[in-house]
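**Student:** The residues making up each chain are set out below.
Number of protein chains: 2
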Amino acid sequence: MASAPFIPVIPAGGAGTRLWPLSRRRRPKFLLDPTGVGRSLLQQTVDRLGPLADGRPIVVTGAGHTAEVGEQLGGAACVLSEPEPRNSMPAIAWAAAVVEREDPDAVIGSFAADHLIGDEEAFAETVTAARRAAEAGHLVTLGISPTHPATGFGYVECASGYEPAVGRPGTPSADGALPVTRFVEKPDPERARQFLASGRFFWNAGMFLARARVLLDALAEQLPPLAAGVREIAAAHGSPEYEQLIARVWPRLTAIAIDHALAEPLAADGRVVVVPAGFAWDDVGDFAALARQLREEHPEAGGARSVGTDDSDARALGTATVQAISSRATVYGSTHRHIALVGLEGISVVDTEDVLLVLADDRAQDLTALVRDLERTGPEHLL
Amino acid sequence: MASAPFIPVIPAGGAGTRLWPLSRRRRPKFLLDPTGVGRSLLQQTVDRLGPLADGRPIVVTGAGHTAEVGEQLGGAACVLSEPEPRNSMPAIAWAAAVVEREDPDAVIGSFAADHLIGDEEAFAETVTAARRAAEAGHLVTLGISPTHPATGFGYVECASGYEPAVGRPGTPSADGALPVTRFVEKPDPERARQFLASGRFFWNAGMFLARARVLLDALAEQLPPLAAGVREIAAAHGSPEYEQLIARVWPRLTAIAIDHALAEPLAADGRVVVVPAGFAWDDVGDFAALARQLREEHPEAGGARSVGTDDSDARALGTATVQAISSRATVYGSTHRHIALVGLEGISVVDTEDVLLVLADDRAQDLTALVRDLERTGPEHLL
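Protein chains in written order, with UniProt numbering: chain Y, 1 to 383; chain A, 1 to 383.
Just so you know, these hints were derived from the structure itself, not from any lab. Heads up, some of the hints might be wrong.
[To be verified] With beta-carbon atoms standing in for the labels, derived distance ranges:
(1) Y:251 with A:33: 49 to 59 angstroms
(2) A:152 with Y:66: 58 to 68 angstroms
(3) Y:319 with A:319: 22 to 32 angstroms
(4) A:118 with Y:67: 55 to 65 angstroms
(5) Y:311 with A:188: 17 to 27 angstroms
Even for Gly, the Cβ is constructed at its ideal location relative to N, Cα and C.
Extracted from the complex, chain Y is given alone in its bound form:
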């Protein structure tokens, strides 16, 4: 039996303020190549999904980024341009409606544009298993085996236990999927530890698969005007009034994340399954995560000149020259300056033409407060 066609959907939104000043309003995180592999996170995402797809992936992005997204991807994806950001559900639903018009039974899979995936082969295997579960009519999420009690991620609880030691489900169904009982938002440290100990929780990486019609019909139950709106826009595609229609309908769509709009209510109804992911994953959400990635997952990335025979471990990405003594640090240089580091421990340095950031990795989360302050008081052009 031929399986249903698979079309990846990539909502490319979000500023990534915790990677400022690498990321800016005009150059958000998904357009960056923060680990220095030569491809942006968006390009890596399309590269990864393209070979698994039965049609061009659909990228949904803000009007302000459409041009650069098109430049980065060439013809490798179909780009839908949002007049304004309405969070992830309208973006994914719009793409689902576009796919539904072609083939209502096709499976769409939504993947973030700015995450890192460790093992491409395992990723392909997991997506294949998730497609089978989606063809069976489920809303499917990919569950990342947690490696530590993270408080920065949401969690997915499954009904059956799995073996934390193996990092794999204990009693998967035939297609490798486990029933989901609930989605939980970022927990405090104590709850995160309990989650890990229970062996029933995965990290929620925001990856969802479903048949296009299944997804939109479920959305029509939860938020009828949102489902109707994106179906109206998709139906008008190619007509003379298309642009006018988008401009009128889009701003009225409920701004909501797919987690709240679909995943949580459907999980409560027993209609969501999770397929355990066999690959490493990171949302590179801040400079601490990025430093960890560069140290552990991309040891080949970047170099720096260490002085003497000390235990310096300085990483350098970009154009700057780095000279370090007694330092564990990461440098992102977009200038051609000489950067000297002495006695630093767990520090990130971002050297751009107009902004210099020096940040202690263990305070990486606090960068948000600094960017908020800049939004309030300016200067605007640095954002």
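With chain Y held as given, fit chain A onto it using these hints.
**Tutor:** Leaving out everything else, chain A in the frame of chain Y:
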């Protein structure tokens, strides 16, 4: 009785590599204004000594710095230009020989060009007391009351004790001077503590006063060719063969510090006295010292925008804008970039057009190794 004329001598040499990249080969420490008061360290030194002097202060500096020294000082000092650096004794002796030609009984006082003095009035009083001791025929040094067991300074031991609690000598002679028993080079921490506890040690700030002829006659005993050489150069001043003579004689002069050439041997003979200094002093030898100065002695210097109500204490000198969160840091900015700091503790940031330095203040001494590495491997233009 009219006192002898007093002529200050200011040897302006030394690169100050531990303040790199603020200080460079072409712009050594004494030409900088590291605390942002609007005058270079050299200008501050001349400003301080000028009013106490009976003639223009004599600045002795390298040929490569003569132009900029002249620019900074205008006509406020007489500048002697060394063909090449020979350490402090030849420079001071040359100036002494120039003064001796005018008035052998005049008192010269040698002061570093790149130190900070805390209290100008107390400085003037101390110099006046030291002049009286010098007129009595002694080699006089100014002794700084130590505030902590520093290992980065040399020490002066005096015969009589003084009260550490008061920071003043216990049994000064009529002119406030105490006999010196020896000069000690930078001690290890244990010895430094013993020095402090004994109540008989001062920091050696390298400030010496003596009648010109007394100093040169003493030098003639210790190093006859050196004394003869500078007297020969001074005698030729104004003659047609002056330049040729300097070029021939100067390179043969013994390169030696005044401490080794005069202070130590004369102390052993009981011919040196110390006048306790009533002023705060700092050689601002590295970024840790500079950060301490800016925090404790120059609280008015520089500003930075702190985010939120946290306990940030970030100082900013120069042209950069600094925005800080949860940081105790010092920023020296010569660019116009926006500098953001997150979670730093005791960090100095030096932001120049071609070099960026980020340094942990408690490893400030290690900067020397980094600069040495740069001298070895280049690029040369950064030095």
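**Student:** Look at each hint and say if it fits the structure.
**Tutor:** Tested hints:
1. Y:251 with A:33: 49 to 59 angstroms: holds (56 angstroms)
2. A:152 with Y:66: 58 to 68 angstroms: holds (60 angstroms)
3. Y:319 with A:319: 22 to 32 angstroms: Holds - the Cβ-Cβ distance for residue 319 of chain Y and residue 319 of chain A, about 23 angstroms, lies within 22 to 32 angstroms.
4. A:118 with Y:67: 55 to 65 angstroms: Given a distance of about 60 angstroms, which is inside 55 to 65 angstroms, the answer is holds.
5. Y:311 with A:188: 17 to 27 angstroms: Given a distance of about 25 angstroms, which is inside 17 to 27 angstroms, the answer is holds.
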